[in-house]
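Protein chains: 2
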Amino acid sequence: MRFEVTILGSSSATPIYNRNPTSQALNVNERVYLIDCGEGTQQQMLRFDVKPGKIDHIFISHLHGDHYLGLIGLLSSMHLNGRKKPMKLFGPPDLIKIINVHFEYSWTNLNYEIEFYPTQTKRPETILDNNDLTVETIILNHRIPCTGFVFRQKKPLLKLDAHQLENYQVPRNQFFKLKQGADFISEQGKIVSNDLLTIKPDDPKSYAYCSDTLANDSYLPQIQKVDLLYHEATFLNDLLIRAQETHHTTALQAGEIAQKANVKKLLIGHFSARYKTLDDLLNEARSVFLNTDLAIEGKTYVV
Amino acid sequence: MRFEVTILGSSSATPIYNRNPTSQALNVNERVYLIDCGEGTQQQMLRFDVKPGKIDHIFISHLHGDHYLGLIGLLSSMHLNGRKKPMKLFGPPDLIKIINVHFEYSWTNLNYEIEFYPTQTKRPETILDNNDLTVETIILNHRIPCTGFVFRQKKPLLKLDAHQLENYQVPRNQFFKLKQGADFISEQGKIVSNDLLTIKPDDPKSYAYCSDTLANDSYLPQIQKVDLLYHEATFLNDLLIRAQETHHTTALQAGEIAQKANVKKLLIGHFSARYKTLDDLLNEARSVFLNTDLAIEGKTYVV
Numbered sequence: 000m001r002f003e004v005t006i007l008g009s010s011s012a013t014p015i016y017n018r019n020p021t022s023q024a025l026n027v028n029e030r031v032y033l034i035d036c037g038e039g040t041q042q043q044m045l046r047f048d049v050k051p052g053k054i055d056h057i058f059i060s061h062l063h064g065d066h067y068l069g070l071i072g073l074l075s076s077m078h079l080n081g082r083k084k085p086m087k088l089f090g091p092p093d094l095i096k097i098i099n100v101h102f103e104y105s106w107t108n109l110n111y112e113i114e115f116y117p118t119q120t121k122r123p124e125t126i127l128d129n130n131d132l133t134v135e136t137i138i139l140n141h142r143i144p145c146t147g148f149v150f151r152q153k154k155p156l157l158k159l160d161a162h163q164l165e166n167y168q169v170p171r172n173q174f175f176k177l178k179q180g181a182d183f184i185s186e187q188g189k190i191v192s193n194d195l196l197t198i199k200p201d202d203p204k205s206y207a208y209c210s211d212t213l214a215n216d217s218y219l220p221q222i223q224k225v226d227l228l229y230h231e232a233t234f235l236n237d238l239l240i241r242a243q244e245t246h247h248t249t250a251l252q253a254g255e256i257a258q259k260a261n262v263k264k265l266l267i268g269h270f271s272a273r274y275k276t277l278d279d280l281l282n283e284a285r286s287v288f289l290n291t292d293l294a295i296e297g298k299t300y301v302v
Numbered sequence: 000m001r002f003e004v005t006i007l008g009s010s011s012a013t014p015i016y017n018r019n020p021t022s023q024a025l026n027v028n029e030r031v032y033l034i035d036c037g038e039g040t041q042q043q044m045l046r047f048d049v050k051p052g053k054i055d056h057i058f059i060s061h062l063h064g065d066h067y068l069g070l071i072g073l074l075s076s077m078h079l080n081g082r083k084k085p086m087k088l089f090g091p092p093d094l095i096k097i098i099n100v101h102f103e104y105s106w107t108n109l110n111y112e113i114e115f116y117p118t119q120t121k122r123p124e125t126i127l128d129n130n131d132l133t134v135e136t137i138i139l140n141h142r143i144p145c146t147g148f149v150f151r152q153k154k155p156l157l158k159l160d161a162h163q164l165e166n167y168q169v170p171r172n173q174f175f176k177l178k179q180g181a182d183f184i185s186e187q188g189k190i191v192s193n194d195l196l197t198i199k200p201d202d203p204k205s206y207a208y209c210s211d212t213l214a215n216d217s218y219l220p221q222i223q224k225v226d227l228l229y230h231e232a233t234f235l236n237d238l239l240i241r242a243q244e245t246h247h248t249t250a251l252q253a254g255e256i257a258q259k260a261n262v263k264k265l266l267i268g269h270f271s272a273r274y275k276t277l278d279d280l281l282n283e284a285r286s287v288f289l290n291t292d293l294a295i296e297g298k299t300y301v302v
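Order-wise, the sequence lines are chains X and F. For the first sequence, position 219 (counting from the first letter as 1) is numbered 218 according to numbering that gives the first Met the number 0, and the numbering increases by one without interruption. For the second sequence, position 138 (counting from the first letter as 1) is numbered 137 according to numbering that gives the first Met the number 0, and the numbering increases by one without interruption.
Just so you know, the hints here were simulated from the structure itself, not pulled from any lab data. Everything hinted at is true.
Where chains are identical, the list cannot tell them apart; a pair therefore holds if satisfied intra-copy or between any two copies.
Only pairs whose alpha carbons sit at most 25 Å apart, straight line, appear in this in silico DSS-like list of lysine-lysine:
id : residue 1 : residue 2
1  : 275       : 53
2  : 298       : 53
3  : 275       : 50
Take these sequences, add in the hints, and give me the full structure.
What follows is the structure, given as C-alpha cells:
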C-alpha cells in the first residue's frame, strides 16, 4: 500500500530561492491528503503532477499566511474545473470564516460542498478514521493556535500465500476471511491454521507532521516511534533565542526531538529565508539524529 | 522618463502551462505601480526581479481570486521584511474587509500602514494624482463590480539645450524656470525666448488596463487614444457566447475595441486555460488591429 509524502513547499514565511511556502501531499493508497497549503500550492501541484482530483482531505495547521494562503485559489480552481465531490477540510475554527469572506465577495457559489471540521488546541484528538488510516492532532506551541497531524496507517489485511492455498485447496469464497485472520475449515471439518495460509504484511506505518512550534517535550507522546517525522527547523542553533522568541525550532532541536521521540526517520523543513543553502541545517540536525533528510520540493519520501 | 509595464501573470482563472494569474508591474520613473495581484505574484516578482521596496501603490480591479489572492502574502512578506513606509491600496470597498480578516486571525499587526482608497463603479474618477501621473478608473462590465485603470503620465518638463545655454550664457539658477517654460531675461534685460533654449520632450504617454469585461462601447471614452491598451482576451471568437455568458472578451473583440478607441498599441492577456499555445489568439486580434502583442510573463513593454 502506497504511503509517501511529496514536498510542495519548504520555505518559512516568505518564498525565496525557488522555495515556496509550506505544503505537502501525502499519498495513502492513491488518495492524496493535502497538508497545509501556502501561496502557490496549486502551481506546485501542476509542477510536480499532484492531481487535485485525488484530494478529498485538506489539513491546515494554523492561520499564518504561509500555511494557508493557497487554499482559496485551490478551492476556486477545483470549482472552475467542475469538481462535484465534497472536500473535507480540517483546520482552526476561524478558517471557514476566512473562506466564506472570499467567496461572499467574489459572489461564488461552489458547485461542491466543503465539509469543515474545526480543530482545537486543548488536547489531541482523532479527527479522521477511514479504511486506510486515522488522523490525530498534535498540540503544538506557536504564536497562534497550531496543530500538527499524525497519520497512522490501519493494520493492513494479511497477504495470501498462493502456493499454500492450492496445497490446501482453499475455495475462493474463503479468501477474504483468511485475509482478516480466520483459520480455514475444510468441508471435511479439518482445521488449517491461518498462519500456514497467509503472509504477515508490513507493519502499519505512521507519519507525523509538526509545523511551526517551539521545541519542547509536550508533544513527544503524540509522535513517539513514528516511522517518519516531519519537523520544522526554521533556524540554525546559533539563532536559538530568535527561534524561542518567534516560537520556532532550530535544526539541532529538531534532531533532539526526533531522538527523544525515538522515531525512525526525520525530515526537516520550513527553512528561513536567511539560508540560501541548506547543508548547515542538515548537518546540525544529523549531529544529533543521523537519519535526517531535508524536505526538498518535488521530492517524494516513502514513509 | 521610464514608463513601461512588466507582465507577472497572464492566465485567466486557473494557473496552467506556467502561466500565472493576473498581475502587472508598471514602472513609472522608477516607482512601481502594481496592478492586480493574483496568487503567486510575489514569487513572480522574485523571478523577474521586481523589487517590492519600489511599490507604494497597488491597484486591484475586482474581487475574483485570480486578481487578488496574492495580495495578503505580498503584504505579509513586506511586513516580515521590515517595511515601514505606508502602502497605498486601491480596490473595491470589500477588499479591506478581506485583508482585515486575514490579519485578525493570524494575530498580525503590520509594522506599516495600509492607506486604503475604495473604488466605486458608478462613474469613472481620478483616484491618484502625483508628480509623475494621474490614475483614473474605467468602469468595466463584469459579473461583479470591476474597474480598469488609466495611467496618464504628467506633461514632462522641457529638456535644456546645452549648446544654446552656453551661447546665451544662461546661469545655472535659471535652469529650472526654463524647464518649466519661462523665457530667459539676461542681466541686461534682454529676453531670450524659451523655445531657443529648450527641446520639446516626448508627449506624455498613457497606459490603460482593462481586466475582465464584456466587450462593449461603454468604456471607449476612457481609453480613447491611449498609447498602450492592455485588454483581456480570454477566448477565441468561436466561443463568443461563452465569453458573453461569463462577461469576458474574445481576441477579435479586443482588436475591435483597440480600433474603435484609436489606441496606438494593444496588448492582450488573461488567456483561458483551454489554450496551450497563444498564436491563434494573437492572429485573431491582429486580423482587426495589427499592432497587437501577447502579454508574455516576464516581458516588459515600453508604453
